[in-house]
Amino acid sequence: MVVALQGAAVAATEGRNWMRPLPAASPLIKTLRGTIALLPAYQVLPAHGDAPPAFTEVGFRYSRYSEDSIDAERVIFGSSQRYDIDISQFWLETPVGSNWAVALDIQNDYQTGASPWFVGAQVDGEPGVIMSGASIQDNRLEVGVTTRYFWADGNAGFTVSHSDEDDYESVSVGADLSWSNESKARTWSASVSTSNDRVSPTTGVIPVFIDRENLDTQSGYFGVTQILSRTALLRVGLNYTYSEGFLSDPYKLNDKRPSTHERTALSAGYRQFFIAADGSLQLDYRYYRDSWGADSHTLELGWAQNLAHGMVTPYFRYYSQREADFYSAPADRSATYYSDDYRLSTYGAYTLGVKWAINVGDWVFELQGERYKSSGSWGLHNSEAAPALVDFWRGTVGVIWRFD
Amino acid sequence: MTESYCRIERQFRIMGGPASIVIDDASLRSDGHEALFNSLHSRLNELESRYSRFQADSLINLINLRAGSGVPTEVDTETATLLNFAAELWLASEGLFDITSGALRKAWDFRRGGVASPARLAECLPKIGWDLVEYENDAIHLPLEGMEIDLGGIVKEYAVDCVAALIRKAGATSALVELAGDVAAVGNQANGQPWRVSIRDPDGGDALLTLSLCDTAAATSGNYARTINHAGRRLSHFLDPYTGWPVDGPISVTTLDRQCLTAGAIATVACLKPDSKAQHWLEDAGLPWLMMKSCGNLSGPLLRAASHL
Chain C
637 MVVALQGAAV AATEGRNWMR PLPAASPLIK TLRGTIALLP AYQVLPAHGD APPAFTEVGF
697 RYSRYSEDSI DAERVIFGSS QRYDIDISQF WLETPVGSNW AVALDIQNDY QTGASPWFVG
757 AQVDGEPGVI MSGASIQDNR LEVGVTTRYF WADGNAGFTV SHSDEDDYES VSVGADLSWS
817 NESKARTWSA SVSTSNDRVS PTTGVIPVFI DRENLDTQSG YFGVTQILSR TALLRVGLNY
877 TYSEGFLSDP YKLNDKRPST HERTALSAGY RQFFIAADGS LQLDYRYYRD SWGADSHTLE
937 LGWAQNLAHG MVTPYFRYYS QREADFYSAP ADRSATYYSD DYRLSTYGAY TLGVKWAINV
997 GDWVFELQGE RYKSSGSWGL HNSEAAPALV DFWRGTVGVI WRFD
Chain F
45 MTESYCRIER QFRIMGGPAS IVIDDASLRS DGHEALFNSL HSRLNELESR YSRFQADSLI
105 NLINLRAGSG VPTEVDTETA TLLNFAAELW LASEGLFDIT SGALRKAWDF RRGGVASPAR
165 LAECLPKIGW DLVEYENDAI HLPLEGMEID LGGIVKEYAV DCVAALIRKA GATSALVELA
225 GDVAAVGNQA NGQPWRVSIR DPDGGDALLT LSLCDTAAAT SGNYARTINH AGRRLSHFLD
285 PYTGWPVDGP ISVTTLDRQC LTAGAIATVA CLKPDSKAQH WLEDAGLPWL MMKSCGNLSG
345 PLLRAASHL
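Top to bottom, those sequences are chains C and F.
For the first sequence, my numbering gives the first residue as 637, with consecutive numbering after it.
For the second sequence, my numbering gives the first residue as 45, with consecutive numbering after it.
The shape of chain C in the complex, shown without the other chains (with noise of 0.2 Å):
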C-alpha cells in the first residue's frame, strides 16, 4: 500500500475521500509529541489562512440562574425570593462555498421572581429593601444572524440581531474585522455595533412612570492578539461604548439616571501553554469606567487541564467595583441623579467555577456550574454594603455536534 503523490494524486481525485478534523491527542500521543516539541521543527506554527470552518456545527446550551434569597433582616416588605432565570441557546454555524459562513443564534431567557424596588429605612436606621413581589415573569427571545467572509489574512462578519419581551426590544447590528500580519503572529481586530432599544415597561403590581423611551447604544473595540512564543499568547484590546436615552430602570422607585452613558474598558489576557503539564494557565484583566463615576476591576486566573478525552478548567474570578457617583442606599431623591441599584454600589464579588468538555467522536458535551458571592466589603473600596447585593449559582449543561 502507498500513499501515490504523483501530480494526478495531488489534483483533485475523483473517488471516496475523508476529512475529518483530528481527534483530541490520546495520552500516548500527547507523550510523544511532549518529547519532540523542542525541537525547531515543531515550533514552527501552521500559517493559516483564515478559512471558514470545515464543518457544520450545530450547538444547544441551557444554563439556570438563580439568585440566593435576601437575607430576611434587610428585607422591610414584599418576598424575600429572588431571580431566576432559565437561559436557553441554539447555535447553528455553516460553512457557504469556500469564503463564506452563516451562523444563527437564538436564546431565550425566562425569568421569574422577584427584584428590589427600593431602599428604605429600617427601624434601627440601616436600609433595607422593599422587594417588587414574587409576581415577575418575563421571557426574552434574541434571534442573530451572522454572515462571514475569509480571505488568506483574515475575515471580516456582519450581525444583525433582534431581541424582544414584553417590555422591551432592541435590534441591533455590528461588522467585526479579524486580520493577521504576514508570519500569523500577530492578529489585529476591530469590531462597531449600534443597537436601537425600546423600552415600554408594563404596569403589574409595581408601579411605572414612563410610557415608551428609547436608547441608542454605539461601541467599538479594538484589540491586538501577539503570539509571544510557541506557548505563550498575549490580547490586548479597548472598548468604548456610549448610550444616549433612557438609561434608569424602570422597574425601581429611587432610579433616575443621566440620559447618556460613556464606558470604557481595557481587558487584556495572557495564555501560557505548559508542555509537560499539558496544560494552561488563563490570566484575564480588566478595567472599566464610566461618565457615572464608577469602576472596576475583573481578575480571572483559570487553567485549563487537557485531557484524554475533553478538557478541564477550573477558574476563580475577583471583581471590584466603587459606585457611581449618584449612589446611594436610600436613594437622596433631591439630587439631579439618584439611584440606591445595588448594581451601582462599591461592592466586591468573587466568582469559583469549573467548565467541563468532554469529546466523543463529532460530539462535544460540556457541563459547567460556578457560584458568585458579594459583599461590600471584599472590594478595593471600602463602603456600606448595599442591602440587596446578589448571590448566585449558575449550571450550565451543553451539546455541540459537528458534522460535514
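FYI, nobody ran anything at the bench for these hints, they're computed from the structure.
Backbone N, C-alpha and C define an ideal beta-carbon position, used for all residues, glycine too.
Watch out, some of these pointers could steer you wrong.
Partial list, computed: chain F residues near chain C (C-beta under 10 Å) [said to hold, decoys possible]:
(1) Ala100
(2) Asp101
(3) Leu103
(4) Leu126
(5) Glu132
(6) Leu133
(7) Pro187
(8) Gly190
(9) Cys206
(10) Ala209
(11) Gln237
(12) Thr260
(13) Asp301
(14) Gln303
(15) Leu331
Derived Cβ-Cβ restraints for the label pairs, each shown as a range [unchecked claim]:
(16) Val738/C / Ser93/F: 51 to 57 Å
(17) Arg54/F / His945/C: 38 to 44 Å
(18) Trp999/C / Leu135/F: 31 to 37 Å
(19) Ala100/F / Trp939/C: 41 to 47 Å
(20) Val948/C / Asp175/F: 31 to 37 Å
(21) Asn89/F / Ser734/C: 36 to 42 Å
(22) Ser93/F / Tyr906/C: 40 to 46 Å
(23) Ser93/F / Asn735/C: 40 to 46 Å
(24) Trp939/C / Asn89/F: 43 to 49 Å
Some but not every residue of chain C turned toward chain F, in silico, with C-beta under 8 Å [claimed, not checked]:
(25) Thr671
(26) Leu674
(27) Tyr678
(28) Leu889
Given chain C, work out where chain F should sit, using these hints.
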C-alpha cells in the same frame, strides 16, 4: 476564487526513496523558489548524512562503530531528542519498537530472500535491547560489539516534518511534502481545496481511499516492498526483537496526525504486532487509521468514514 498562483513541483530521490515537494506559490517571490528548494534539499541531505546507516561517515555509523569500545559518542540536541523519542516509543510499545533491532538484518536478507538460520539468530538476539544501551548526558555508547542502532524507522517521517516546517517558516501557506509514502500537507491547496492524497492498493490497482488533508500528516508503514516468501507465506520485514522472527501482522497501516513523526511511529509499532493487538494499539493511540490486515481485509476509522461519503 480567481486569484492566480503558481504551482512549483520538484521530484527527486533522497534517503533511498522517491521524494516530491509541491508548493503553491501565493506569497513567495518568484525568485524565492530556487532558494527555498535549495534549502529544503540541503536540510534533507544533512539529515541523511547524519542518520543514514548507508553513509560510512554518518553519526549513526560512528556510534555503531564504537560499539563495545567503551568510547561514548556525544550527540547534539536534535539527535538526543530523536533518541528520547525512540526510547519513549520503546517503552510504550513494550520493547517492540527497538532501534537496536537493526542487528537482526545480519540474520535476514530481505533483498535476496531466504530464512535466517537459528544459529545466526541466536548470535544476534543478545545484542538487541534498548535497555542495554548506555545513554546519559547526551552521550551514547553501545556496550556490546556488534550492537547497532538504526533510526531509519523515524528519520524519514521526521524529515517530512522538517521540510514542512521550513516551508511554513518561508511564509508559504500551501504545500505538500512526500518522502516515500509519508506525507505532510501545509495548509490547503492555493485554490482553497484540501490536498488530496490517494492511498493505493499494495498489489496495484485503484486508490483504496483518498484523503483530504489540511495541515495534517499521513504516514504509512507496510511490508509490501520487502518480503521473504517462506513455505508459501509472505514474511514481513518487520522483525520481533524478542524472537528475531518476522511479525505476522498487518500488511500495511496508515495513520494521520498533525506531525508525520508521531503518525509514523504509531503506524510502525502497529506493524510490529499481530492484527488484533495492532488494532488495540491503534485504538489506544486515538489517531485516525486504516489497516490492511494480514488476510488482506481493510479496517479502521479512515475506511468507515470514507464509506459514508
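Structure-based check of all given hints:
Here the hint on Ala100/F is broken, as its CB sits about 26 Å from the closest CB of chain C, past 10 Å. With 10 Å as the threshold, the beta carbon of Asp101/F stays out of range of chain C, its nearest partner Cβ sitting at about 23 Å, so the hint is violated. Restraint check, Leu103/F versus chain C: the minimum CB separation of about 16 Å is more than 10 Å; hint violated. Because the closest C-beta pair between Leu126/F and chain C is about 8 Å apart, less than 10 Å, the hint holds.
Given hint, Glu132/F at the interface with chain C, holds; its Cβ is 5 Å from that chain's nearest Cβ, closer than 10 Å. The restraint placing Leu133/F at the interface with chain C holds, with a minimum CB-CB distance near 7 Å, inside the 10 Å limit. A least Cβ separation of about 24 Å between Pro187/F and chain C goes past the 10 Å threshold, and the interface hint is therefore violated. Interface restraint check for Gly190/F: the shortest CB-CB distance to chain C comes to about 28 Å, outside 10 Å, so the restraint is violated.
Nearest Cβ of chain C to the Cβ of Cys206/F: about 5 Å, under the 10 Å cut. The hint holds. A distance limit of 10 Å between C-beta atoms decides the matter here; for Ala209/F the minimum to chain C is near 4 Å, and the interface restraint holds. For Gln237/F, the interface hint holds, since its Cβ comes within 10 Å of a Cβ in chain C; the closest pair sits about 6 Å apart. Here the hint on Thr260/F is kept, as its CB sits about 6 Å from the closest CB of chain C, short of 10 Å.
The interface hint given for Asp301/F is met, as the beta carbon of that residue sits about 7 Å from the closest beta carbon of chain C, less than 10 Å. For Gln303/F, the interface hint holds, the least distance from its beta-carbon to any beta-carbon of chain C being 7 Å, beneath 10 Å. Interface restraint check for Leu331/F: the shortest CB-CB distance to chain C comes to about 7 Å, inside 10 Å, so the restraint holds. The given range of 51 to 57 Å is respected by Val738/C and Ser93/F, whose C-beta atoms sit roughly 53 Å from each other.
The supplied range of 38 to 44 Å is met by Arg54/F and His945/C, whose beta-carbon atoms lie about 41 Å from each other. Distance hint for Trp999/C and Leu135/F: a CB-CB separation of about 33 Å, consistent with the stated range 31 to 37 Å. Between Ala100/F and Trp939/C, the C-beta spacing of about 52 Å breaks the proposed range 41 to 47 Å. Taken as a hint, the range 31 to 37 Å holds for the pair Val948/C and Asp175/F, whose Cβ atoms sit roughly 36 Å apart.
Between Asn89/F and Ser734/C the beta carbons are some 38 Å apart, a value that agrees with the proposed interval 36 to 42 Å. Separation of Ser93/F from Tyr906/C is about 43 Å and conforms to the stated range, judged on CB atoms against 40 to 46 Å. Separated by about 45 Å at the C-beta atoms, Ser93/F and Asn735/C satisfy the suggested range of 40 to 46 Å. Between Trp939/C and Asn89/F the beta carbons are some 45 Å apart, a value that agrees with the proposed interval 43 to 49 Å.
With a least beta-carbon distance of about 5 Å to chain F, the hint placing Thr671/C at the interface is held under the 8 Å criterion. Taking 8 Å as the C-beta contact cut-off toward chain F, the hint placing Leu674/C at the interface holds, the least distance being around 7 Å. Look at Tyr678/C: its Cβ gets to within about 7 Å of chain F, closer than 8 Å, so that hint holds up. Because the beta carbon of Leu889/C sits about 60 Å from the nearest beta carbon in chain F, more than 8 Å, this interface hint is broken.
When the structure is compared with the earlier hints, violations turn up for hints 1, 2, 3, 7, 8, 19, 28 and for no others.
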